[in-house]
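Colleague: Sequences are here, hints too, so could you generate the full structure?
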Amino acid sequence: MSTTLDLPTIGNRADAVVTPRRRGFWHNLWRVLRRKPTRMAGAFVVVVFVVIGIIGPWLYPANLPTDSNLILSGPSLAHPLGTDFQGADVLALLVTGTRYVLVAAALAALLTVVLGAAIGLYAGYRRGLADSSLMRITDFVLTIPGFPLLLVLSTVWKFGSALQMGLVLGITGWGGLARSVRSQTLSLRERGFVEAARGLGLSTPHVIRRELLPNIAPYVAMNLLIGVTTFIYSQVGLFYLGVLPFKAENWGVMIFLAVNNGVTQTGSGLFYLLAPLLSILLLTLAVVLLVDAMDEVFNPRLRED
Amino acid sequence: MPKAVRQLAGHLLRGLVMVWIVTTFTFVLVHEMPGNPVQAQYESLIEKGFSPDAASRQVAVTYGFVPHGSLWSQYGHYLSRLLHFDLGKSVSAQGVSVAKEVASAAKWTIGLVLAGVVLSFALGVVLGVVAAMRRNSRLGDGLSIAGSLLHGVPQYVMALVLVTLLTVKWPLFSTGDVNGLIQPGFNVAYIASIISHAVLPATAFALSSFGGYLLTMKSSVVSVLGDDFILAAELRGLSPGLVFRYISRNAILPLFTVLALSFGFMFGGAVFIESAFNYPGMGALLVSSIGQRDYSEMSGAFLLITVAVILANIVADLLYTVVDPRVRRASGT
Numbered sequence: 018m019s020t021t022l023d024l025p026t027i028g029n030r031a032d033a034v035v036t037p038r039r040r041g042f043w044h045n046l047w048r049v050l051r052r053k054p055t056r057m058a059g060a061f062v063v064v065v066f067v068v069i070g071i072i073g074p075w076l077y078p079a080n081l082p083t084d085s086n087l088i089l090s091g092p093s094l095a096h097p098l099g100t101d102f103q104g105a106d107v108l109a110l111l112v113t114g115t116r117y118v119l120v121a122a123a124l125a126a127l128l129t130v131v132l133g134a135a136i137g138l139y140a141g142y143r144r145g146l147a148d149s150s151l152m153r154i155t156d157f158v159l160t161i162p163g164f165p166l167l168l169v170l171s172t173v174w175k176f177g178s179a180l181q182m183g184l185v186l187g188i189t190g191w192g193g194l195a196r197s198v199r200s201q202t203l204s205l206r207e208r209g210f211v212e213a214a215r216g217l218g219l220s221t222p223h224v225i226r227r228e229l230l231p232n233i234a235p236y237v238a239m240n241l242l243i244g245v246t247t248f249i250y251s252q253v254g255l256f257y258l259g260v261l262p263f264k265a266e267n268w269g270v271m272i273f274l275a276v277n278n279g280v281t282q283t284g285s286g287l288f289y290l291l292a293p294l295l296s297i298l299l300l301t302l303a304v305v306l307l308v309d310a311m312d313e314v315f316n317p318r319l320r321e322d
Numbered sequence: 411m412p413k414a415v416r417q418l419a420g421h422l423l424r425g426l427v428m429v430w431i432v433t434t435f436t437f438v439l440v441h442e443m444p445g446n447p448v449q450a451q452y453e454s455l456i457e458k459g460f461s462p463d464a465a466s467r468q469v470a471v472t473y474g475f476v477p478h479g480s481l482w483s484q485y486g487h488y489l490s491r492l493l494h495f496d497l498g499k500s501v502s503a504q505g506v507s508v509a510k511e512v513a514s515a516a517k518w519t520i521g522l523v524l525a526g527v528v529l530s531f532a533l534g535v536v537l538g539v540v541a542a543m544r545r546n547s548r549l550g551d552g553l554s555i556a557g558s559l560l561h562g563v564p565q566y567v568m569a570l571v572l573v574t575l576l577t578v579k580w581p582l583f584s585t586g587d588v589n590g591l592i593q594p595g596f597n598v599a600y601i602a603s604i605i606s607h608a609v610l611p612a613t614a615f616a617l618s619s620f621g622g623y624l625l626t627m628k629s630s631v632v633s634v635l636g637d638d639f640i641l642a643a644e645l646r647g648l649s650p651g652l653v654f655r656y657i658s659r660n661a662i663l664p665l666f667t668v669l670a671l672s673f674g675f676m677f678g679g680a681v682f683i684e685s686a687f688n689y690p691g692m693g694a695l696l697v698s699s700i701g702q703r704d705y706s707e708m709s710g711a712f713l714l715i716t717v718a719v720i721l722a723n724i725v726a727d728l729l730y731t732v733v734d735p736r737v738r739r740a741s742g743t
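Chains as they are written, first to last, in our numbering: chain A, 18 to 322; chain B, 411 to 743.
No lab work stands behind these hints, which were simulated from the structure alone. Ideal Cβ positions, reconstructed from N, Cα and C, are used throughout, including at glycine. Errors might be hidden in some of the hints.
[Said to hold, decoys possible] To be clear about the criterion: a stretch of chain A counts as covered by chain B if any three or more of its residues have a C-beta under 8 angstroms from a C-beta of chain B, and this derived list gives those stretches:
{"hint": "1", "region": "191-202"}
{"hint": "2", "region": "228-239"}
{"hint": "3", "region": "249-263"}
Modeller: Structure, rendered in structure tokens:
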């Protein structure tokens with residue numbers, strides 16, 4: 018009788034003694050970032066984009082001045098990235114478009130990760146009725162293919178604000194993550210340590226948070242960051258295909274207008290087309306370098322020391 | 411055997427329910443569309459001097475349901491049309507049935523998707539294993555960064571860059587109409603023409619999607635490498651080839667779901683590549699139908715893309731039980 022009462026306390030005390038003081042997440046991240054200059058560069062670029070996203074729209078007037086004498090011009094002192102087909106400054110268009118792009122992508126990625134990981138873990142661990150009904154819902158979300166669905170929805174919903182865009186992208190986008198988290202959980206739950214935890218009679222929330230989540234965390238963290246880039250890609254793509262109104266300030270509108278004004282055919286005003294494309298690439302590269310660092314923070318197997 | 415058959419039947423049944431839900435969704439969408447296109451066509455026909463009867467028959471031919479009567483009778487009418495594989499008539503291309511247009515577009519997309527997925531899967535798996543094995547060397551680092559970067563490059567960026575470089579600056583490939591002047595059929599000129607049109611889109615697709623497989627494979631191999639049974643196999647002195655088979659069989663699991671899903675996903679995801687290269691596939695059809703407010707064509711294209719995803723899901727589930735004995739055992743109990 019006394020053993021059943023004592024076991025947990027002994028376990029806790031032993032834990033507290035054996036486990037070394039855990040260093041915080043930010044401390045680990047900083048240490049890992051400093052190890053490679055490429056990671057620092059990645060972090061720097063992300064911070065710069067975030068700052069531009071915050072203050073960008075305040076730097077320029079609501080309606081950008083246009084110069085009809087300078088149409089699709091190359092880079093100059095007054096216009097470092099040239100001008101568009103109306104003679105507006107490309108750099109200004111780029112800077113004012115950043116906030117929409119980042120806010121929508123970040124919101125969508127966050128929604129995706131929270132929904133996807135929670136549903137995948139719970140379904141994979143509990144199996145049974147919870148699993149099959151959750152997977153039925155996941156199947157439904159996956160079955161309606163995300164991007165075509167967005168295209169079809171664009172006929173009734175105009176995605177005027179970044180929050181609307183992020184919400185729709187996030188709600189339609191978590192299916193894939195839920196499915197792969199579930200399949201990893203299915204494999205994990207057959208492992209000894211999870212069986213042991215179950216044998217001890219630990220509650221489902223405890224097993225999911227303490228035993229399963231730490232094993233899934235690297236994958237989920239990578240998905241959060243990569244999710245930001247994929248959602249940048251899909252929202253810019255929606256604007257690029259020209260199914261949404263051009264009023265919104267978004268990089269995709271620039272690409273759409275550049276292609277439709279013949280930039281890919283004539284080659285004049287190449288910077289108008291390239292500026293948003295290269296911004297996407299630069300931001301993606303930076304996020305990739307950060308993912309590399311994250312991977313090492315979360316996954317002890319990758320640590321080199 | 412009977413168990414596998416029962417499983418397949420269950421999958422198919424669930425697939426049918428999905429299709430039904432999606433058709434209901436498109437029906438409601440078209441029905442509740444602002445400006446009500448169905449009612450609008452009906453009224454414009456009345457104004458042209460059609461009798462109410464003839465006008466509603468005409469509208470029913472286009473959208474598969476009539477604009478009046480109760481919602482349920484419209485819905486029933488629409489479903490019974492679909493059961494006969496009748497997707498209505500295209501509005502933009504007068505008189506052509508949507509089923510015909512969608513089928514001819516699907517042919518093109520299937521070819522593109524098959525070529526692209528196979529190419530990128532093979533590339534991704536091989537390079538992913540290399541990246542995991544050499545993860546502490548420069549080669550491994552370079553491969554994973556290149557993979558993540560290319561994975562991050564949106565398909566339209568890849569496609570636009572390739573189009574600008576290879577068809578406008580140096581016209582190596584053509585992007586015009588495939589059928590052009592050449593007699594369609596099984597002859598060299600026609601096949602050569604198809605290949606010269608499809609190489610660039612397939613390349614753009616493979617380049618922009620193998621990075622995903624590479625990353626998944628790498629992280630999966632790395633996590634398997636830490637498992638006890640690998641250490642045990644090495645300690646028992648098994649040959650590296652055998653150990654590698656242990657690793658790959660376990661590591662490739664997460665990739666199968668990704669693979670089968672990407673087949674379905676690509677039906678819709680090829681939108682960018684198709685519209686950048688002027689390639690007459692499903693995605694391009696969907697975009698152009700939305701641009702022209704051709705809702706019957708839009709529902710048809712969307713429905714077919716959805717069916718493709720459903721089939722891919724079924725294949726993924728079946729594959730998964732074949733490949734992973736643990737899942738097979740668990741689903742048996």
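Colleague: All the hints need checking, so say for each whether the structure fits it.
Modeller: Okay, the hints, checked on the actual structure:
Residues of the region 191-202 of chain A with a Cβ under 8 angstroms from some Cβ of chain B number 5, which satisfies the need for three, so the listed coverage holds. With 3 residues bearing a CB less than 8 angstroms from a CB of chain B, the region 228-239 of chain A meets the requirement of three and the coverage assertion stands. With 7 residues carrying a beta carbon less than 8 angstroms from a beta carbon of chain B, the region 249-263 of chain A meets the three-residue requirement, and the given coverage holds.
Of the hints listed earlier, there is not a single one the structure fails to meet.
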